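S.K.: Chains A and B are the protein sequences, given in the same order. Per the working numbering, residue 1 is the first one in the first sequence, and the count goes up by one each step. Per the working numbering, residue 1 is the first one in the second sequence, and the count goes up by one each step.
Keep in mind the hints are simulated off the structure, nothing from the lab. Fair warning: this is a prediction, and the values are worked out from it, not measured in the lab. Worth double-checking, as some hints may not be accurate.
The list that follows gives simulated cross-link-like pairs (lysine-lysine, PhoX-like), each with its CA atoms no further than 20 Å apart [said to hold, decoys possible]:
#	chain 1	residue 1	chain 2	residue 2
1	A	LYS6	B	LYS56
2	A	LYS14	B	LYS122
3	B	LYS19	A	LYS6
Over the 10 Å line for every Cβ pair with chain A, so calculated as not near, a few chain B residues [to be verified]:
#	residue
4	ASP38
5	TYR50
6	GLU84
7	HIS98
8	PHE103
9	PRO118
Simulated DEER-style distance windows between Cβ atoms [said to hold, decoys possible]:
#	chain 1	residue 1	chain 2	residue 2	range
10	A	MET43	B	ALA126	26 to 32 Å
11	B	GLN66	A	PRO25	39 to 45 Å
12	A	ASP61	B	PHE37	29 to 35 Å
13	A	ALA26	B	GLN12	49 to 55 Å
14	A	MET1	B	ALA52	19 to 25 Å
15	A	ASP61	B	ASP127	40 to 46 Å
16	A	THR17	B	ARG99	45 to 51 Å
17	A	ILE65	B	LEU17	37 to 43 Å
Glycine is no exception: its CB is placed at the ideal position from the N, C-alpha and C atoms.
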Amino acid sequence: MQITVKLFALMREKAGTDTIPLEVPAGVALTQALAILVRQYPMLEPYMTHTRFSLRMDFVDPNTILAEGDELVLIPPVSGGA
Amino acid sequence: MFRVTTEPLSVQQVNDLVKRPTDGAVVTFDGIVRNNFDGRSVRYLEYEAYAAMAEKKLAEIGAEVQQKFAVGEIAMMHRIGRLEIGESSIVIAVAAPHRQAAFEACAYAMDRVKAEVPVWKKEFFADGADNWVNQNRL
Numbered sequence: 001m002q003i004t005v006k007l008f009a010l011m012r013e014k015a016g017t018d019t020i021p022l023e024v025p026a027g028v029a030l031t032q033a034l035a036i037l038v039r040q041y042p043m044l045e046p047y048m049t050h051t052r053f054s055l056r057m058d059f060v061d062p063n064t065i066l067a068e069g070d071e072l073v074l075i076p077p078v079s080g081g082a
Numbered sequence: 001m002f003r004v005t006t007e008p009l010s011v012q013q014v015n016d017l018v019k020r021p022t023d024g025a026v027v028t029f030d031g032i033v034r035n036n037f038d039g040r041s042v043r044y045l046e047y048e049a050y051a052a053m054a055e056k057k058l059a060e061i062g063a064e065v066q067q068k069f070a071v072g073e074i075a076m077m078h079r080i081g082r083l084e085i086g087e088s089s090i091v092i093a094v095a096a097p098h099r100q101a102a103f104e105a106c107a108y109a110m111d112r113v114k115a116e117v118p119v120w121k122k123e124f125f126a127d128g129a130d131n132w133v134n135q136n137r138l
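Chain B on its own, in the form it takes in the complex:
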């Protein structure tokens, strides 16, 4: 399952989506909203997405991961909207017969998400300032 949602993410739910009796490992990545960036105190984040394309890209990355690694099912859920410190912004679960492929595939999937999926993060700082990440490179 590959989805962009405004609802809170459940790590257990994403984990359970990929489990199969043939797979001995599930590696789940839980991306968390952190309270700091570059030494500045962060109050909360807002994520915006081109949701239809983001879900399509997540599915394409899933297919790519299954081509590249000896893995079974993969699921990726990205949350958008306002997220508080400590909440999950993305959950990726990869099942595989053996752990090594699951670890590698999960890390690879996350790298691909950060490069290809049209989702944007805006930070709101404690001092009242805000910033769209990576978008002021002129």
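Pulled out of the complex, with its shape left as it was, chain A reads as follows:
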């Protein structure tokens, strides 16, 4: 099945894109999708330790099972405000 990975900030710059279509096995867990992602985009691997994940605008657990068409957003440590 296909999902879309969205990137922001430093990871967006490292990957050179903000949107990555990713082919993953059906019923895959988020962590397994990340393993596939970093094989294709090894420059993202160092940042994964501190990254949080979002589906449908909510933070989700890394063990969440993904569905066809999911938009998985990688949320690096936030630094908003002042």
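Got chain A; can you put chain B on it based on the hints?
M.R.: For chain B alone, kept in the frame of chain A given last:
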């Protein structure tokens, strides 16, 4: 109102959004772009956001603040894009019947924003270097 915008922020406008005749206090926090970080001279900043989720998180924090403190209306506006020194990056206004709750709620809301809202800050230094804040912790 909870919004992420590229437009300059007006402290007065955010302040006026929360005023009610029943509330005797409005505490407004105005977050300003500073010209230095860790002793380095900063030229300007760029903020990037996952805007849809950021607005949702701001609204959730607003609801959380209203649960936790005896306050009335709350508004939070975060600016993104390029910001110059002295410009406002975030304005938070909290109204309450009495000042103590408004002070505490405003400080709490800002702490929650810094922890939970998907907005990222990039510093551009006078020496030509740049840095995404908090993102090089490997």
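S.K.: For every hint, state whether the structure bears it out.
M.R.: These are the hints, each one checked on the structure:
1. LYS6(A) / LYS56(B): holds (17 Å)
2. LYS14(A) / LYS122(B): Holds, because 14 Å separates the two Cα atoms, which is no more than 20 Å.
3. LYS19(B) / LYS6(A): At roughly 38 Å apart (the allowed maximum being 20 Å), LYS6(A) and LYS19(B) break the hint.
4. ASP38: holds (14 Å)
5. TYR50: TYR50(B) is in fact no farther than 10 Å from some Cβ atom of chain A, at 6 Å.
6. GLU84: holds (14 Å)
7. HIS98: HIS98(B) is indeed farther than 10 Å from all Cβ atoms of chain A, at 25 Å.
8. PHE103: About 17 Å separates PHE103(B) from the closest Cβ of chain A, which puts it past 10 Å; holds.
9. PRO118: violated (5 Å)
10. MET43(A) / ALA126(B): 26 to 32 Å: Since the Cβ atoms of MET43(A) and ALA126(B) sit about 28 Å apart, the hinted range of 26 to 32 Å holds.
11. GLN66(B) / PRO25(A): 39 to 45 Å: holds (44 Å)
12. ASP61(A) / PHE37(B): 29 to 35 Å: holds (33 Å)
13. ALA26(A) / GLN12(B): 49 to 55 Å: holds (54 Å)
14. MET1(A) / ALA52(B): 19 to 25 Å: Given range 19 to 25 Å: holds, Cβ gap about 24 Å.
15. ASP61(A) / ASP127(B): 40 to 46 Å: With a Cβ separation near 41 Å, ASP61(A) and ASP127(B) satisfy 40 to 46 Å, so the hint holds.
16. THR17(A) / ARG99(B): 45 to 51 Å: At 49 Å between Cβs, range holds.
17. ILE65(A) / LEU17(B): 37 to 43 Å: holds (41 Å)
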